[in-house]
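Visitor: Construct the complete structure from the given sequences, taking the supplied hints into account.
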Amino acid sequence: MRAFVAGLGFAARRLIQAALVMFAILLIAFAVRSALGDPLREIMGEAVPEAERAELRHKLGLDAPWPVQLARYLGGAVQGDFGTSTIYKRPTLEIILAKFPASFELVLGASLIVFVLSLPAGIYCAVRPRALGARLILGVSVLGISIPVFLTGIFLITIFAVWLGWLPAFGRGETIRLGPWETGLLTGDGLRHLILPALTLSSIMLPLFIRLVRSAMLDELGHDYVRTAEAKGASPLRVWLSHTLRNALLPLAAIGGLQMGTLIAYTLLTETVFQWPGMGFLFLEAVTRADIPLITTYLVFVGLLFVVTNTLVDTVSLLLDPRIGLEGMR
Amino acid sequence: MSTGALRKSTSPLRSLAASHPGVIIAASVLGAIALAVAFAPLIAPQDPFDLKSFDVLDAGMPPSWLEGSDKRFLLGTDAQGRDLWSAILYGTRISLMVGIFAVAIQAAIGVPLGLLAGYAGGRVDAVVTRAADVQLSLSTLMMAIIALALFRAALGGESLGRFAVPLLVVVIGIAEWPHFARTARAATQVEAAKDYVRAARALGAGTFGLMWRHILPNIASPLIVIAAMQMAGAIIAEAALSFLGLGMPVTKPSLGTLIRSGYDLMFAGAWWITVIPGLVLIGLLVSVNALGDALRDALDPRRRAG
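Chains as they are written, first to last, in this note's numbering: chain A, 1 to 330; chain B, 1 to 306.
Calculated from the structure, these hints are not laboratory results.
This structure is a prediction, so every number in the text was calculated from the model and none was measured.
Where hints are given, some of them may not hold.
[Said to hold, decoys possible] Simulated coverage check for chain B against chain A, where a stretch passes if three residues somewhere in it have a Cβ under 8 Å from a Cβ of chain A:
| hint | segment |
| --- | --- |
| 1 | 78-84 |
| 2 | 148-156 |
| 3 | 240-248 |
| 4 | 261-273 |
| 5 | 285-291 |
[To be verified] Which residues of chain B face chain A? A partial, calculated answer using Cβ under 8 Å:
| hint | residue |
| --- | --- |
| 6 | V134 |
| 7 | L138 |
| 8 | S139 |
| 9 | L141 |
| 10 | M142 |
| 11 | V170 |
Glycine included, C-beta positions come from ideal geometry on N, C-alpha and C.
Guide: As structure tokens, this is what we get:
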């Protein structure tokens, strides 16, 4: 009971920390907007007399001192108003949210591949460390780390799209709208378009996860309860899957969650290679065309994703496993 | 030092070469690349950064072993008519240069902080360790992408091109210092407890002299290993940023820029502009990684064979 209360206290403290980090990110976004964005030029172009500019500046409240402007920005942000994109002339948050499903489904596909492949491969490497197959898997995964993700994508496109012509190379294919969510997972064409990008993105996480599963399993296999389970006659497969793996999964999920920033960066690269119409692709377009409101909104959104996953991972792993973190809670 | 002295005391380099042939192979491959790149102006048939030295009419020529090629261009030409072989030599030069300078910055920040944290302990240690944790939890690549994206939005594409090399070096350098700091800290903690450090202190060595002259030389081997690994990371980061259009400009292509500029032409059949620089990049990374692995095996006493 005491541990539970302590856990709740920890969760509350983590929430406050997360809110502080989000506040800092909003401050940075505001600073970037004030320094780089000129809403007047975005609205009226360059060739407008100064008097008219001053009038509009006053009307929009842009001549107010910066604390007032900051308060206004934060007030808007809380209500989901982050300004208007200069390219699309629509609210920036709306544009980013419209692109979110594409990125999410790409990450989902890649995670599925990582999950399905890394568990058996990692378990195999842990229980048969000297087998040729295990060495082969670890060797190939070292090579996988050496190849930059965009080259993996380009080589996959060269082989499967250009030479063999089996799979499409660009875009999301046919999509279906489910309310606000535009999905490519429900059409055959959409799924075919997902295969290469998802494989590419998984290639960068797979080596890491195989190693993680392997070392987590190696740790667990040395414990007494494994020997007990073996002694009472449980089959090896049952010992690996239902005893050892279950204990190894939690730290794995934690490490996976903490890789969020890296995952977003690699998703951005993958989206560029495959012209996948997700958030990363949108961000680069905004950068090329200097759409400051869109750029800053993306930063806030990505920051939010990062903060939310980190907070969740920390809190959940503490609540699920009271052994860890009691000292690290402060 | 005379050769006699060298022979008597088994030089660490010599024993390393004898017990770990992998180090020699990886180092020679890298050395060959470094030489080719250092003498690029003498080897390359043209200056790929000089817009006057090539002609857009030559654009998209295939490599010399394919049909329709031109003997002047060993590996063909890129989308601007640049000789690909020259462009690769100069591009690899940029990749290596950014890698070396970025790692130098990482070491310049990380090693002193790590030494200080490991030697002083207490509050200093806590602050440095915490800062390193925070910096590492923000992904390097994401931070670099955001930093360069903001520079690009502020300066415009052309100015970004002019300052690309120093910007890349600084951004990649600053983002990755914690690896050096952690390694230096851990090694310093081990060394600081040893007798020679206590002896030096008893003889009146000052804190900074002690860290610099006595501890640093003794923690050099793990730092060298980290440097090799960080080098590979820095080269990948540069290539990725240039591929995204946030690094080296088309007028001064690095390997990443070449891969990107060729990518637009790949579906028109001109695969070599992308694939050949891509293979060079992978070769470079594999040899840097192999050197790092070999050095780690050779320098880490726990892994030392028999």
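Visitor: Now tell me if each hint is right for this structure.
Guide: Structure-based check of all given hints:
1. 78-84: violated (count 0)
2. 148-156: holds (count 6)
3. 240-248: Satisfied; 5 residues make the cut.
4. 261-273: That given contact holds, which follows from 4 residues of the segment 261-273 of chain B lying within Cβ reach (below 8 Å) of chain A.
5. 285-291: Our answer is that it holds, as 3 residues pass the Cβ test (under 8 Å) against chain A, meeting three.
6. V134: Interface hint status for V134(B): violated (10 Å vs cutoff 8 Å).
7. L138: 6 Å, holds
8. S139: 3 Å, holds
9. L141: 4 Å, holds
10. M142: For M142(B), the interface hint holds, since the closest Cβ of chain A sits about 4 Å away, which is under 8 Å.
11. V170: 18 Å, violated
Checked against the numbered hints given earlier, the structure breaks hints 1, 6, 11 and satisfies all the rest.
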